Amino acid sequence: MNKILLLISIILILVAYIRIILIYLKTKNIKINDLTGFDLAKELTSNYDEINIVESNSINISKYNLKRRIIRFTNKDYNSNDIFTLTKSSFLSSYSLLHLNKDKNINLLSNILPNIDYLNKSSIPSLIISLLANSKGDAKIAIILLLIILVYQYLINEINNNSIELTNKDLNKILSKKDYLLVTKTRNTYLFLNKISFITTLILLLREILIIIY
0 MNKILLLISI ILILVAYIRI ILIYLKTKNI KINDLTGFDL AKELTSNYDE
50 INIVESNSIN ISKYNLKRRI IRFTNKDYNS NDIFTLTKSS FLSSYSLLHL
100 NKDKNINLLS NILPNIDYLN KSSIPSLIIS LLANSKGDAK IAIILLLIIL
150 VYQYLINEIN NNSIELTNKD LNKILSKKDY LLVTKTRNTY LFLNKISFIT
200 TLILLLREIL IIIY
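Just so we're aligned, residue 0 is where the sequence shown starts under numbering that gives the first Met the number 0, counting upward by one.
There's no promise every hint is true.
Under the rule of at most 20 angstroms between Cα atoms (straight-line distance), these lysine to aspartate or glutamate pairs were calculated in the DMTMM-like manner [what the hints assert, rightly or not]:
#: 1; residue 1: K103; residue 2: D178
#: 2; residue 1: K139; residue 2: E157
#: 3; residue 1: K184; residue 2: D81
#: 4; residue 1: K172; residue 2: E157
#: 5; residue 1: K176; residue 2: D102
#: 6; residue 1: K101; residue 2: E164
#: 7; residue 1: K66; residue 2: D33
#: 8; residue 1: K177; residue 2: E42
#: 9; residue 1: K101; residue 2: D116
#: 10; residue 1: K168; residue 2: D178
Label pairs and their calculated CB-CB ranges [stated by the list, open to error]:
#: 11; residue 1: K101; residue 2: N187; range: 23 to 29 angstroms
#: 12; residue 1: K75; residue 2: K177; range: 37 to 43 angstroms
#: 13; residue 1: K101; residue 2: K176; range: 18 to 24 angstroms
Think of the hints as simulated: they come from the structure by calculation, not from any bench.
Small disclaimer: the values here were computed from a predicted structure and weren't measured.
Yeah, the Cβ is synthetic: ideal placement off N, Cα and C, and Gly gets one too.
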């Protein structure tokens, strides 16, 4: 049973990341003229002077700085105008707006982490922890760590769901109907990854409990 649960988790994680790769391949060459990652972020946050958007040479992935409340783009994302990049921009913009509106989940996360980005990678440490914890002693430690990851994943799910609701109306105004549907489809792929990450961590948590029981 333990091996089956582990295998199911690995398959689910692979499916979720493959979906991200496939949507990237599908949308990376679909361009929107005169609308870069920076432009979209500026449009979505135009009513708030407190939100800063910068281009950074020192980062490898665009992110929202929870401590300084700054949207930080990589050089590529700052200047690119493809659907995949614009989707990332919409996520980062919505995080900043959610933070400004004092969302309890993002406020809590800001007390723990310095940054948040658009790609949920939490299923990877969950899997690594479970792979290493195969004895009863290790399983007890793994359960604690997996519970911590589950809390983080819950917060991320809530933040993403609330942030999308916050920017949907403005996105619909800024983008054409066709482009809006493509961005929405891409965002849903990220939401799928969030849900799968949570589910796989629950499965791996069950695996560790079974190790202790049996």
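Unsatisfied constraints (hint numbers, rising): Violated: hints 1, 2, 4, 5, 7, 12 and 13.
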